[in-house]
Amino acid sequence: MKIKPSFKKVLFIAFLVAVQYLYFIKDVIHSGLWAGLEELFYFAFALVLFVIAIPYCYLIVLLEEKNFLAPHFFFRFAVPYIVICVLFWIVLNYDGDYFPSYQQYTFNEYIDRLSDFIVFAKNVGIMCLTVSIVLSISEREK
Amino acid sequence: MNVYKKNILIIVLLIVFLFVNIFYVYLFRNNIDQPQLPVKYKSYKEFRKTTVKSLNYEIIKLRGSWDDKDYFGEPIFVENSDFVVLHSNAWPSANGDSFYYKLDKNGKLVDSIPDINYSGIRDGYLIAENEYSSWMIDGDTLKHKYTDLNSDAGWQPERIKTEFDKLRNKAVSTAYFNYDRLWKYDSENYENKIDKAVFLVEGKWYALYGEDLDLPDYTTLSKEKEKSYQTKYTHLLQADHFHKTALKGRDMWVWKVNAYFNFIKEKDTLKFFQEMDLNGEHGDLFLTYYSSEKINFSLILAEYGEGYYIIKAINRQQ
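Order-wise, the sequence lines are chains A and B.
1 is the number of the first residue of the first sequence in this note's numbering; add one for each residue after it.
143 is the number of the first residue of the second sequence in this note's numbering; add one for each residue after it.
One should not assume that every hint holds.
[Stated by the list, open to error] Straight-line distance between alpha carbons at most 27 Å, and here's what the computed DSSO-like set of lysine-lysine pairs gives: (1) B/K148 - A/K122; (2) B/K147 - A/K66; (3) A/K4 - B/K148.
[What the hints assert, rightly or not] Short, incomplete list of chain B residues facing chain A, as computed with Cβ under 7 Å: (4) V145; (5) Y146; (6) N149; (7) I152; (8) I153; (9) L156; (10) L160; (11) Y168; (12) N172; (13) L389.
[Claimed, not checked] Sample of chain B residues facing chain A (criterion: CB under 10 Å; computed from the structure): (14) N144; (15) K147; (16) K148; (17) I150; (18) I157; (19) N163; (20) I164; (21) V167; (22) N173; (23) I174; (24) K386; (25) A388.
Just so you know, the hints here were simulated from the structure itself, not pulled from any lab data.
It should be emphasised that the depicted structure is a prediction, and the values quoted were computed from it without experimental measurement.
Glycine included, each C-beta is placed from N, C-alpha and C at the ideal position.
Could you build all of it, start to finish, from the sequences and the hints given here?
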């Protein structure tokens with residue numbers, strides 16, 4: 001079933017995403033690893049996410065209308081999510097030193113090295129899931 | 143194709159792409175990127191684990207009357223002499239009694255004496271606060287007293303000063319002892335800060351006492367002379383080749399490597415390797431060994447200073 005969310009719902013979704021982001025970074029902020037300007041930057045990024053989430057919702061609606069995306073809550077979540085993960089992975093490896101060519105890791109050490117990516121994938125997954133769920137609920141109410 | 147199938151296909155393809163990408167490094171690139179060990183190095187042996195021989199020379203663990211766990215530092219060379227002195231357990235915290243051992247020019251253990259807290263070596267003499275030994279030079283195991291010039295402290299400060307400067311200019315070697323090392327705390331000499339200086343003049347040691355002698359720094363001329371002797375007898379052998387065996391620690395670019403050495407002696411080449419840490423360049427890989435022109439062998443300090451390895455001619459008579 002195709003959806004047509006109201007702007008209010010979209011704003012609500014964007015707000016949820018920003019709050020989730022702040023929740024994810026709370027440990028980073030509290031641990032005092034960053035201070036001053038950098039801390040400000042991390043907070044400011046919540047605003048960026050809030051702004052990005054709005055076109056993201058409308059992009060999903062558009063893709064469904066153009067028959068690129070299946071009108072189902074699972075696909076609304078999974079397709080954009082996996083695309084984001086792949087893009088992030090490519091960016092992460094772009095300069096080539098995320099995994100240098102000289103190495104000799106055990107499997108656990110290797111997974112440890114991947115931890116940045118895993119944390120990113122987990123957090124973005126939760127955000128995408130939130131967007132998809134709320135979008136789907138809003139559809140049912142209509 | 144219907145949109146659901148299309149979406150499923152996209153998801154599956156991207157997941158496969160991502161997983162192959164993520165584990166590609168682990169499965170196919172997770173090993174040391176280096177060329178194969180050249181064939182000629184395959185015959186090299188690890189000298190710390192097995193005996194290495196060439197036609198006429200060999201490296202073996204140096205055996206003596208000391209314990210395997212005794213700790214040794216750099217061997218001691220005396221200028222223009224054809225022997226080497228080894229000092230075991232130089233630090234009191236080490237495991238056993240401290241001894242001096244003498245090796246003749248063929249690397250045979252010929253003599254030893256216990257170390258009675260000698261504070262240094264000056265021109266082959268073992269120097270302590272109250273006595274000295276000429277054992278290194280002539281094998282005499284008796285300890286000798288210094289010839290006191292003014293033990294009764296009857297001399298005027300000016301006279302001590304003149305005498306001090308005179309002796310300092312004349313002496314081949316000197317040693318200085320500060321009052322706080324010489325006397326018991328609270329004793330009269332301690333209170334008066336009586337220092338002691340000893341001078342080697344024409345083969346005899348003289349002692350001069352004096353209040354607040356203007357003693358030179360700890361790194362005295364003699365000390366520096368000793369040091370330059372030691373560097374003179376220390377040689378570095380550059381590694382011919384190295385081969386990485388493992389990464390040491392995480393995220394640090396320190397490698398465990400086998401360093402291959404060619405030790406050239408006369409027409410022989412001793413070929414051996416040892417495990418080392420590589421933290422930077424090939425040029426950092428070298429083996430320290432000790433030798434002089436007057437002796438027929440070289441010494442390599444064992445791991446943790448537990449004894450030595452000796453490079454010497456193979457004894458055909460045995």
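The hints, checked one at a time:
1. This hinted pair checks out: B/K148 and A/K122 have alpha carbons roughly 25 Å apart, not beyond 27 Å.
2. For the suggested pair B/K147 and A/K66, the alpha carbons sit about 15 Å apart, so the restraint of at most 27 Å is met.
3. Taking the CA atoms of A/K4 and B/K148, the gap is near 22 Å; set against the 27 Å cutoff, the hint holds.
4. Of the supplied interface hints, the one on B/V145 holds, with its beta-carbon coming within about 5 Å of a beta-carbon of chain A, less than 7 Å.
5. Look at B/Y146: its Cβ gets to within about 5 Å of chain A, closer than 7 Å, so that hint holds up.
6. The criterion of a C-beta within 7 Å of any C-beta in chain A is met by B/N149, whose closest approach is roughly 4 Å, and the hint holds.
7. Interface restraint check: B/I152 against chain A, minimum CB-CB distance 6 Å, threshold 7 Å, status holds.
8. A distance limit of 7 Å between C-beta atoms decides the matter here; for B/I153 the minimum to chain A is near 5 Å, and the interface restraint holds.
9. Hint on B/L156 holds. Least Cβ distance to chain A is approximately 4 Å, under the 7 Å limit.
10. Checking B/L160 against chain A by beta carbon gives a least distance of about 6 Å; that is within 7 Å, so the hint holds.
11. The restraint placing B/Y168 at the interface with chain A holds, with a minimum CB-CB distance near 5 Å, inside the 7 Å limit.
12. Residue-level restraint check for B/N172 holds (minimum Cβ-Cβ distance to chain A is 6 Å; threshold 7 Å).
13. At its closest, the beta carbon of B/L389 sits 5 Å from a beta carbon of chain A; the interface hint therefore holds under the 7 Å criterion.
14. Below 10 Å, beta-carbon pairs count as interface contacts, and B/N144 has one with chain A at about 8 Å; its hint therefore holds.
15. Restraint check, B/K147 versus chain A: the minimum CB separation of about 9 Å is within 10 Å; hint holds.
16. Restraint check, B/K148 versus chain A: the minimum CB separation of about 8 Å is within 10 Å; hint holds.
17. Given the 10 Å rule on beta carbons, the hint for B/I150 holds: about 8 Å separates it from the nearest Cβ of chain A.
18. Because the closest C-beta pair between B/I157 and chain A is about 6 Å apart, less than 10 Å, the hint holds.
19. About 6 Å separates the beta-carbon of B/N163 from the nearest beta-carbon of chain A, less than 10 Å, and the hint is met.
20. For B/I164, the interface hint holds, the least distance from its beta-carbon to any beta-carbon of chain A being 7 Å, beneath 10 Å.
21. Hint status for B/V167: holds, given a least beta-carbon distance of 4 Å to chain A, under 10 Å.
22. Taking 10 Å as the C-beta cut-off, the interface hint given for B/N173 holds, the closest approach to chain A being about 6 Å.
23. Taking 10 Å as the C-beta contact cut-off toward chain A, the hint placing B/I174 at the interface holds, the least distance being around 6 Å.
24. Look at B/K386: its Cβ gets to within about 8 Å of chain A, closer than 10 Å, so that hint holds up.
25. The interface hint given for B/A388 is met, as the beta carbon of that residue sits about 6 Å from the closest beta carbon of chain A, less than 10 Å.
In summary, the structure agrees with every hint in the numbered list given earlier.
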